[in-house]
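Participant: So the chains spell out like this:
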Amino acid sequence: MEAFTTHTGRAVPLRRGNVDTDQIIPAHWLKKVTRNGFEDGLFEAWRKDGSFVLNQPERAGATVLLAGPDFGTGSSREHAVWALQNYGFKAVVSSRFADIFRGNSLKNGLLTVVLPQETVEQLWKLTEADPTVEVTVDLVAREVRAEGRDGVTVAAAFELDDNARWRLLEGLDDISLTLANEADITTYERSRPAHKPSTVQV
Amino acid sequence: MGRTLAEKVWDDHVVRRAEGEPDLLYIDLHLLHEVTSPQAFDGLRLNGRQVRRTDLTIATEDHNTPTLDIDKPIADPVSRTQLETLRKNCAEFGVRLHPLGDVEQGVVHVVGPQLGLTQPGTTVVCGDSHTSTHGAFGALAFGIGTSQVEHVLATQTLPLARPKTMAITVDGELPADVTAKDLILAVIAKIGTGGGQGYVIEYRGPAIEKLSMEARMTVCNMSIEAGARAGMIAPDRTTFDYLQGRDHAPSGADWDAAVEYWQTLRTDDDAVFDHEVRIDGASLAPFVTWGTNPAQGAPLSASVPDPASFDDPSDRLAAEKALEYMGLHAGQPLREVKVDTVFVGSCTNGRIEDLRAAASIVEGRQVADGVRMLVVPGSVRVALQAVAEGLDKVFTASGAEWRHAGCSMCLGMNPDQLAPGERSASTSNRNFEGRQGKGGRTHLVSPQVAAATAVLGHLASPADLTDADARTAVEA
Ligand code: SF4
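If you read the sequences in order, they're chains P and B. If you use my numbering, the first sequence corresponds to residues -5 to 196, in order. If you use my numbering, the second sequence corresponds to residues 24 to 499, in order.
The following block holds chain B by itself, in its conformation from the complex:
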C-alpha cells in the first residue's frame, strides 16, 4: 500500500523501532529561543551532558525582545535575565545564536525558512507550538516541551508515537479577496480546536497548490490551533524556487540530489489517510474570530452567533463565556465591532508578503482617529526588505507605528500589550483570554482585514473601503 507524505518523512527518520516502544526519531533541525530553553540547558549541566549536534541547532531571541529602543538595555530585568541566560547557554554549549540587534534575528519560525534551513523531508522541532509553520516545505515539524528540548539537545532524537494522518483537501479556487489566513481560520472553525488532535494534517488540492510559499506557511502555522501535531504541504516547484540560492539551501550536486529526493515526497495515489476533510475553496470569504479560541470564528459578513445555537453543551457554555469576556452580544454584526488597536505581525502574518498586502491598503489613507496600528516585521531581514520597498514610509505616513522585529503583541511578553478591555484586530494566531495583555480582547484577522479595519476603525475588509477614504486622507 502507498504511503502519505507524513509517513514517508517519518519512516526516513526512524533511528530505532522496537515492539511496544515509541519510534526513536532523528531530528534534522532544532530551533531554540529564550523562553523554553533555559531549564533544558540546566538539565544538561546537571547531568554533565553536551549538545550532541551543534551543527543542527540554532537559536534566536524573539519572545521577550522590545520593538522600540533596541539599542538601549532592556528595561524589564526579568526579560533581560532570560535573554542573557540564552546568550550564556549558547556560548557555553557552542550553539549559534542570532541575538537582538543581529541582522538574522527575528521570530524563530520566520528565521528558519528565510535562512534556507527549513527544507523538504526534514524533521524540525522547537520548544514552540507554532513550529508547525515549517511544514509548509514538506518538513515534519512540530512543537515540543522543554523536557523534549533537553532530550533533543542531548541525543538529537525524540521517542515519539506515530501520529495518525488527516487530509484537508481544498478544491476549487479561492475568491480574489480570500487569503491563506481566511482559509485556515475557516478550517479551524469547521474542525474545532481538538479536531486535529493526534493527527498530522496534510493540506492539499488545487487551492493549496496555488498558494505562495509564505501563504503556505500561514496555513501550516495555525495547524496547532486545530490541535494537530503538525501540518504539511507537499513540496513542489514553488518550494524549490523559494529555497534555491538561500544561505543554507544545498548547492551544486547536493542541490540536484536534494531535488531528486524532494520530488519523491508526495502522498502516493493509493495511500490511505485516517481521516479526510474536503472544503470548497470558492465558498470561502474573509473570516474573523469573535470568541476566545481560534475555532470561534465566522465570515466577516456574519453576526456574532447566539450561544443557544450551539448543539453541544460545552460549545454553548464556551460561547457564553467568550461573549461575556469579549464584550459582545448575539446578533451584533461583526462589521460593527469597533477596535482600539490593530496588530500586523507574528509568525503567522509577519512576512514580507503580509506587509506588502497591508501597506497596499493603507497607502494614501489614514489610520482612523483613536486607533493605534502596530506593524512589527517578523524578522530583521523582513524589515530590511520592507524598508527597501518603502513600506515603512507608507505605514508611518498613514499614522501606523513601524517597529523592530519580534513576537511583540502576539503574546505580549514585551511592553507591546493591550490594556484591560482594549480590543484588537490582530494578524496573529491566538485570541485566548489575556493573550495580548490582561483583559485584552482579540479578533484574529488577515493582514488585509487588519489594514482595512485600521482605516475604518471597525472590523472591515478592503472591499468596504471607498475612494472617499483615500481622498479624505489626501486632504487631511
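Chain P with its partners taken away, still in its complex shape:
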C-alpha cells in the first residue's frame, strides 16, 4: 500500500449526501478484473451532466473530495476506492462514511477524514468561492487546513485511531502484519470444534 503522510491539493465540493457506491462506480464497470482503469467510470452518470462539479474546468486536477454525509453507502465494491484513486483523489472528507467503504479506503491508502458537517460546510463555502484554494490533509498532525483568498481559514482536527494511522503512515501491508503472528492462527485452529462447517464436497 502507498504510504500517506500529508497531502495538499485543490478540492471538489460535492454537495450531496448518501452518495452510494453504485453512483461512485456503476455495476457495469465491475466486470474488469484489474485494479486500474476505473477513472472514466467515476460518477459516470452524473458526469454526463455538463454542470456537474467534476466537469467544471477549474476542478481539473483536484485531489481532495469534500463530500456530504453518508458517503460510500451500499455495495462493498472496492472498485469505488480504486475509481477515486485512479481519477487522482488522495483524500475524501465527509461527516460520515459507510463502514465498508471506509475500511476499503484505508486499506488502499485513500485517506478518509471524518469532520463535523459544519466544518465540511465551511470547506464547501471556501472552495466554492475560490476553486484555487488548496486543502491540506495532514495525517501526521491529524488536521485539515485550508486558507481562503480573503484570509478566511479553516483548521480542524480529525480523529483516526493510532493503529490505522500508523499503518497508513508506514504504508504497511496488512497481510504481512497478520502473518507475523501466524503461530496464533495455528494455535486457534487447533482448538476449533469438530462441528464447525467445512466446504469439502460431501
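If you are wondering where the hints come from, they were derived from the structure by calculation, not from laboratory data. Only a predicted model underlies this, so the values are computations on that prediction, with no experimental measurement involved. Relax, there's no trap hidden among the hints.
Here chain B is said to cover these stretches of chain P; the calculated rule only asks that three of the stretch's residues, wherever they fall, bring their Cβ under 8 Å from a Cβ of chain B:
#: 1; stretch: 28 to 41
#: 2; stretch: 61 to 70
#: 3; stretch: 156 to 168
#: 4; stretch: 184 to 190
Examples of chain P residues toward chain B, derived with CB under 7 Å:
#: 5; residue: 20
#: 6; residue: 172
#: 7; residue: 194
No residue lacks a Cβ here, since even glycine has one placed at the ideal position from N, Cα and C.
Assemble the complex: chain P is given as a structure, and chain B with the ligand must be docked to it using the hints.
Facilitator: Showing chain B with the ligand alone in chain P's frame:
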C-alpha cells in the same frame, strides 16, 4: 456483566488481542463470487501466497450470469472473461466452485444457507455487502472489500475493530398482510441509511421469533441498507429444524455438540446494548420506497412526501433530487404509480417461500398489459423446487417470464436491465439511481406487493385485487 449474542460470537473467534490493535478474528466460512475476487487472487499470486483454508472457502457465479440461454456462450465478452477468471483462479488455488449450469449454482447468499454451510455462531464473510443475510442463523456475517478477501484467503483471519451493538426489538404480532420485507423497509425508513453505522444489529422480540428462517434472511439481508456492519437473530428451534439434514450441517455426535453450543447463543438478560430501538409490529403495513435510497419509503397507503416536510436540510435536498430522478411529485398517492416492470428475485426475496407467495397471487390472474414480470429464482435448487411445485407454470400462465437463477435485475450486470425512464417494482434491496439499468427507477417491495402490482399495473397490495381480476383472467 452479561454479553450480547454478537459479543459472544465475536469473543469465540478472537485469535489475537493486543492493546492498541484491532482484534484478529478467525473466519469460519468465506464465500466467493466472480466480481470481487479476481484482484484478490492476483494479489496472492503476486506475493507467492496460497489459500490457507480451501476447506472453509467456496465460490459460485451469480452477478454476471445470464438468465436466458445459459447453455450458450455468454454474449458479453467482459462478463465471460470475469467468469473464466474465477474458474481459472478456483482451479489454480483448489477452491470449490459451482459454476453456471451446476445444480448448486445461484446467488451466493442463497447458496450458503441452503447447503447448510451457514451455521449459528460462525463468522461468515464474502466480498459482498449482503453477506449480512447469513446473520439470520445467529452467525456474525458481514461484507468485505477485495483487499480483505485477499487477507482472508491468505490468513483465514481479519483484523477488525469491535463493533457496537444495537437491539431492534419488534413487539407484538405482524398483521397478516405484513411480510418480513415490509418490516425491514419500515425499520430502515425509521433509522435511516446511516442509522446502523458502526453497529451489529440484533433483531429480537416476539414478531421476529415467529418469522420463518427465510423471512429472517430477508430481514438480516437488508441490515446493510441501514448502514449496519451486520444483522443477527438468535438461533432457536426454527434455525435448528432448517439446518438438520442439510448437506453440510453437522450429523451424529457433532450435531448434538453443535446444538448444545448453539443454545448458548442468546443475549444474556443482563447484557447491555449500546443502542436500542423498539417497534410495534402490529402498527406496520405493506411498505414501498418512493426515492433513491432504501430509507426513502412509506406505507403503500401513503402519498409521495413533500420534500419541504423534512426538517433536516440534507434529507430535504435528497428528497428533492430523488423525486426529480423518480419522476414523481409530492402528494401523489403511491397506489397510483404505474410500473413497466416487476422483478421477483435476489438474495432478499428469491427463495422458495417468496416464489410461492408471488405465485399464489398471480395464479388465475394475468400480468397487466404492457407490464413485464421477471421471476428469477435465487438458486438452481430454488428453481428445481419451484418447478416440482408447478410454480413455473403458474408464472408463465399469468404472462410472467420464468428465468434461470442469478442476481439478474437486482443490479443489472447481465442483460436484465431497465431502460432509461422505465419504472420497476422490485423485490430486491437497492433503489439507487441506475441500479437496475441506466436511468431506471426502482420501487422496493415485497413479493406479495410485486405480484399484485404486476396484475394491476400500478403499485398495489394483494388486498387491492378483487375476484373480478381473477375472472377476467379466466375469460381472457
Ligand atoms: S442478488 Fe443483488 S444484492 Fe444479492 S448478491 Fe446479487 S447483486 Fe448483490
